[in-house]
Every structure is written in C-alpha cells, then in structure tokens.
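Chemist: Top to bottom, those sequences are chains U and P. Heads up, the first sequence is in our numbering, so the first residue is 1 and it goes up one at a time. Heads up, the second sequence is in our numbering, so the first residue is 1 and it goes up one at a time.
None of these hints come from the bench; they were simulated from the model. Incorrect hints may appear among the rest.
Said to hold, decoys possible - With a cut-off of at most 30 Å between alpha-carbon atoms, the simulated BS3-like pairs for lysine-lysine come out as follows: (1) P:K171 x U:K207; (2) P:K106 x U:K207; (3) P:K270 x U:K207.
Remember, predicted model here, so these are calculated numbers, not experimental data.
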Amino acid sequence: MSTSTSNAGSAAGSALRRGRRRPVDSTVKVLLVAAALVSVATTVGIVIALVQPTIGFFQQVSIVEFITGTSWTPTFAQKAYGVLPLVAATLTVTGVALAIAVPLGLGSAIYLSEYANPRTRKVLKPIIELLAGVPTVVYGFVALFALNPLLQKWWPTDNGPAFQNLLIAGIAMGIMIVPTIASISEDSMAAVPRSLREGAYALASTKMQVSTRVVVPAAMSGIVAAVVLGISRAVGETMIVTIAGGLTSDRIVLNPLEGAATMTAFIANISSGDIPVGSLDYDSVFAVGALLFLITFALNAVSIRMVRRFREVYE
Amino acid sequence: MNPTTDTTNRPSVSVAGVGAQSTGARTSEAADPVMKLSGVSVFYGAYEAVRDTSMPIQEKQITAMIGPSGCGKSTILRSLNRMNDLIPGARVSGSVTYHGQDLYAKDVDPIEVRRRIGMVFQKPNPFPKSIYDNVAYGPRVTGMQVSSMDDLVEKALRDAALWDEVKDKLKTSGLALSGGQQQRLCIARTIAVRPEIILMDEPCSALDPIATAKIEDLMSELANDYTIVIVTHNMQQAARVSHYTAFFTAEVDEQQERHGRLVEFSQTGKLFTNPVDKRTEDYITGRFG
Numbered sequence: 001m002s003t004s005t006s007n008a009g010s011a012a013g014s015a016l017r018r019g020r021r022r023p024v025d026s027t028v029k030v031l032l033v034a035a036a037l038v039s040v041a042t043t044v045g046i047v048i049a050l051v052q053p054t055i056g057f058f059q060q061v062s063i064v065e066f067i068t069g070t071s072w073t074p075t076f077a078q079k080a081y082g083v084l085p086l087v088a089a090t091l092t093v094t095g096v097a098l099a100i101a102v103p104l105g106l107g108s109a110i111y112l113s114e115y116a117n118p119r120t121r122k123v124l125k126p127i128i129e130l131l132a133g134v135p136t137v138v139y140g141f142v143a144l145f146a147l148n149p150l151l152q153k154w155w156p157t158d159n160g161p162a163f164q165n166l167l168i169a170g171i172a173m174g175i176m177i178v179p180t181i182a183s184i185s186e187d188s189m190a191a192v193p194r195s196l197r198e199g200a201y202a203l204a205s206t207k208m209q210v211s212t213r214v215v216v217p218a219a220m221s222g223i224v225a226a227v228v229l230g231i232s233r234a235v236g237e238t239m240i241v242t243i244a245g246g247l248t249s250d251r252i253v254l255n256p257l258e259g260a261a262t263m264t265a266f267i268a269n270i271s272s273g274d275i276p277v278g279s280l281d282y283d284s285v286f287a288v289g290a291l292l293f294l295i296t297f298a299l300n301a302v303s304i305r306m307v308r309r310f311r312e313v314y315e
Numbered sequence: 001m002n003p004t005t006d007t008t009n010r011p012s013v014s015v016a017g018v019g020a021q022s023t024g025a026r027t028s029e030a031a032d033p034v035m036k037l038s039g040v041s042v043f044y045g046a047y048e049a050v051r052d053t054s055m056p057i058q059e060k061q062i063t064a065m066i067g068p069s070g071c072g073k074s075t076i077l078r079s080l081n082r083m084n085d086l087i088p089g090a091r092v093s094g095s096v097t098y099h100g101q102d103l104y105a106k107d108v109d110p111i112e113v114r115r116r117i118g119m120v121f122q123k124p125n126p127f128p129k130s131i132y133d134n135v136a137y138g139p140r141v142t143g144m145q146v147s148s149m150d151d152l153v154e155k156a157l158r159d160a161a162l163w164d165e166v167k168d169k170l171k172t173s174g175l176a177l178s179g180g181q182q183q184r185l186c187i188a189r190t191i192a193v194r195p196e197i198i199l200m201d202e203p204c205s206a207l208d209p210i211a212t213a214k215i216e217d218l219m220s221e222l223a224n225d226y227t228i229v230i231v232t233h234n235m236q237q238a239a240r241v242s243h244y245t246a247f248f249t250a251e252v253d254e255q256q257e258r259h260g261r262l263v264e265f266s267q268t269g270k271l272f273t274n275p276v277d278k279r280t281e282d283y284i285t286g287r288f289g
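Looking at chain U on its own, in the form it has when it is part of the complex (with noise of 0.2 Å):
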C-alpha cells in the first residue's frame, strides 16, 4: 500500500509533463477522421454523379412531364417519361410492407420487452434479428415460387394474384422489415424508465394496458425512427420488387394483385441490359435515382424530426 502511494507520488511530477507525445494516439485520429470522411465523402459522390446526368436528362424531358406523366416506357419505340407509374408501384408495395410490418414488428416488440420472460427474450430477439441477415434475393424467390403459388391457390375469386404483383412482393418485403421495426423499437421500449412501468401497475392497469397506454406512448419516438427506418428500407429495397413484383410501367398500376415495376425494379432491370452511356435511356436511370434518393432524404429528416417531437424525457 504504502509503496505503490510513495511511487505514485514521485512519478507524479514527470508524468504530468507534456514532453511525452503518444504517437499512436494522432495517427488512430488521422485513421478515424479518414473513415468518417470515406462515408462523407461517397454521399457527395453520390450526389454528384446523380446530378449530372439528371440535369442532362432534364434538358430533354421536362419536368412537369416527368412529374405528371403516367406513362413510362423509356425502353418502348414511343417513349414516355411520366414516372408515376414507378413512384405508384412503389407507394403500393410499401404500404402493402407497412401493413404486414408494423403489427407484426410492434406485436413482436411488445412481447418481447413486456411479455417474455428474459430467458424466452434471450433467445427469440436474436432470432427475430437472423431474419434481417436473410438476402433479400432470397425473400424475392420465397414470394415468387413458394408464397405466391399458395396465394394464387387460396384467393377466392377468379381474378386473382398475377404471377409477379406488388401484394406478393410487399408481403415479402414487410415480413423483411418486421426485424428492424420490432428490434428498434423493443430496445426503445427497454428503455423506458422501470419506474413508470411500476407507477402504472400501482394504479391498477393490466399488463395490458401498461404496454399500450404507458410503455409504447413513452417509447413512442424510437418506434416512429423505426417505422421510418423500415419505410426507407421499403422504398429503398430492390431484389424484391425485381424478382416478385412485375415489370408494368406503361401505365399507373392500381390493383395490388397485378405486376408493376417500382422505382428501384426499373433502375435494376435497365441497367443489366445494355443501354449507351449518355443516351436518354441512360440518363432516364439517375433521373429516377435521383428521385429515389431525393424521397430516402426527406423520410430521413422527416424521421429525425419526428424523433425529436416525440421525445420524452424521463427525468
């Protein structure tokens, strides 16, 4: 006891003083600088690769045709440039994933973080979370070949699901985007304060009741990023829609039970073939990009935005 305190003591002068520099200390900050600046630096890139050939395929199509048209058949002999059709397709699929996700992702949640016992919780959350390491080219062909096929088997009327159609394809992509919506939102219930939890039951709620009325209000901001973040995903995914979902894009495409090409189908399936760089058909794709990334922006800030209204402090 006594040394170790006379050592410290004596040590303590010259290792107060500044003249030992620790190398490995500036060169791990020049190394995390420049992994911070590889991702800013690809978001710029992004950008700027998609501006340029946008602004030239906006020199040939105008906008409000771009915007107002509901016809696009870059690739047909009488072309068209309405992008309607693929921003339809993909609002129809995402809303088809949302209805399938949103329950179940907040059902899982709130089981997990309310209901389960921790043992059961240990090992089910992971589980749920494998489900988001599944590819999604995967899930494309689940849907097509094993799902569809069963739904084509099971409709009750005659008109029923297309080979490729958006409701396949979005009860594909909502049973992807369960895991990030039940995982985000299970930590943010997890987070909520034990303590309000223990005042709700104190006024003779139901464990029910506790979950809705308490815990999800309380938590209710990481919920939103998570259902935002699972719109994004929705928006964003492509193997799906490309595989399962259909290729219609000469007109707007309304019943979910047929094919329709989304935005990011569209992009995926143009650019495998062989278009000429420079040409309108090429620049139609970062037109479409372009769009796609400008939509993936605005959930983001609207995400943060709901973030912070919705955030509570506890204390």
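Position chain P against the provided structure of chain U, taking the given hints into account.
Modeler: Only chain P this time, still in chain U's reference frame:
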C-alpha cells in the same frame, strides 16, 4: 461482526414484536386494523429478505416504517399491494389481510388489490403525458364511472394541494413540473382512483426541505380520508407525521446473510420516547444507522 449485535439480536425480537403489538392495540382499543400482517416473510428466490413480520395497519392513521438501509421496510411495503409480484422470483409467506381477506389467496386479483391500495414512489414518476392525463390515467384504466372527468381531476389536484399551481397549465407535460410538484402530481394521480390505503415509499427522499414540508402537510391532511403507510429513512419525518411507527433493522445470520426484521411496533410517541428494545433506542438516539 460485532459480537454484541449478535447477542442482542435474536431473543428480544419476538418479545418486542409481540409486546409492541399489544401496546398498539391497547391505544386504539376496539378499532379493527384495516390491514394485518402475520408472520410475513418475503423471499427473493431462495433469499429471505424480511423475516416474520407481524403488525397491524390502523384505519385513517399514518403508519411509518423506519430503519436503516437494507432492513426490508420497502420490501414489506411493496408486499402490501402485491407490487412484489412484478419482481421475478419474489414470494411472500405468512398472511397479509385486508379487511380480513388474505391478499395472497389464489382467487385475489392483484389489479383489484392495487386499485384499493395505491402507491407513491421514492422518485417522482409522472407519465410523459399532460398533467391532466396523468391524473385521469387511473380512472380511465380502471373504468371508473365518472360524471365529469374534469371535476375528478380538479378534485384530485386540489386534494393533493397542487391545483392552484397547475390549474392554468393542465395540458402541459407532467415532467415540466418541479420535483416536489411532480411528487404531488403522483399523489393526485393515486388518489384519483379513490383508494382506501396509500402506500408511500420514501416519498420525500428526492425532494428539498420545502417540498418535503409540503408533502408532510399533505399527508396529515390526507390521513382524514385515507389510511397511509409511509416508509422513510428520516426519523424526524416519522416522528412528525405518523401515528404508529414500526422500526425495522437488518440482522446477520449464521451464514452471514442479512435479513430484515421488525424490531418494534408501537404508537409513534411511545416508540420515540420510551422504546422497549435497546436497538430501537440506539437507532432513534443516533447511536446506530
């Protein structure tokens, strides 16, 4: 461990407990206690946190539970409205009766128990909702038939001595209030469901002296209508507000495990001026704890 603690510990406990009970009974003669603990032990898993507690809770009186940290006073308090049910592995043996009915009987609904026996916690824990919704929460979840929720909220806030401070901002968040106001909001929230008994677990320990004084005044006021059980580590508080006091301490057994134990229960005046047990005397005179 100090050997003297060990020798003084065991024999006098039961004697003091029983003796104290009769003292309490004598003072309030015919009055049947609204709650009664008989041989109550609380376990967390295999660990016995509090041993063999027997005491009455008298109607429309303030009963204080005092004692050093880890003496099991909060644990006992939480066994009175089955809040311990929420802790996995917690178990109660012995009997806790409420109007003669065993609270731990199989057919008893803990939700119904908590509607009649409310609780205010150590740290103010208003919900992240408006002041109004905090108070209306209990009546809403319990499905109380109310002619006017506004009137009920106002009454509860008035009874909790908070109305004048918040009447112009009922729609603002309960979290925007000061600590003392938050605690009074929690009391308002509790009395809004018209319980018979209010349990308070160190309700002033997070508050400054002025806020504490307000809560103490409020407690005395509320004792006209409610039975109150308060856990406090503040002996002066117990002496100031309570009619009955239970002194708990922690004793260490042969396996070096600490168990909470009721040492003495009697009228507050008697316990503080003329304690039966040496350990009570040591504690209240500041020689210990």
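Chemist: All the hints need checking, so say for each whether the structure fits it.
Modeler: Tested hints:
Taking the CA atoms of K171 of chain P and K207 of chain U, the gap is about 26 Å. The hint holds against a cut of 30 Å. Our distance criterion of 30 Å between C-alpha atoms is met by K106 of chain P and K207 of chain U, whose separation comes to about 19 Å. At most 30 Å may separate the alpha-carbon atoms for a hinted pair to count; K270 of chain P and K207 of chain U exceed this at roughly 43 Å.
Violated hint for the displayed structure: number 3, the only one.
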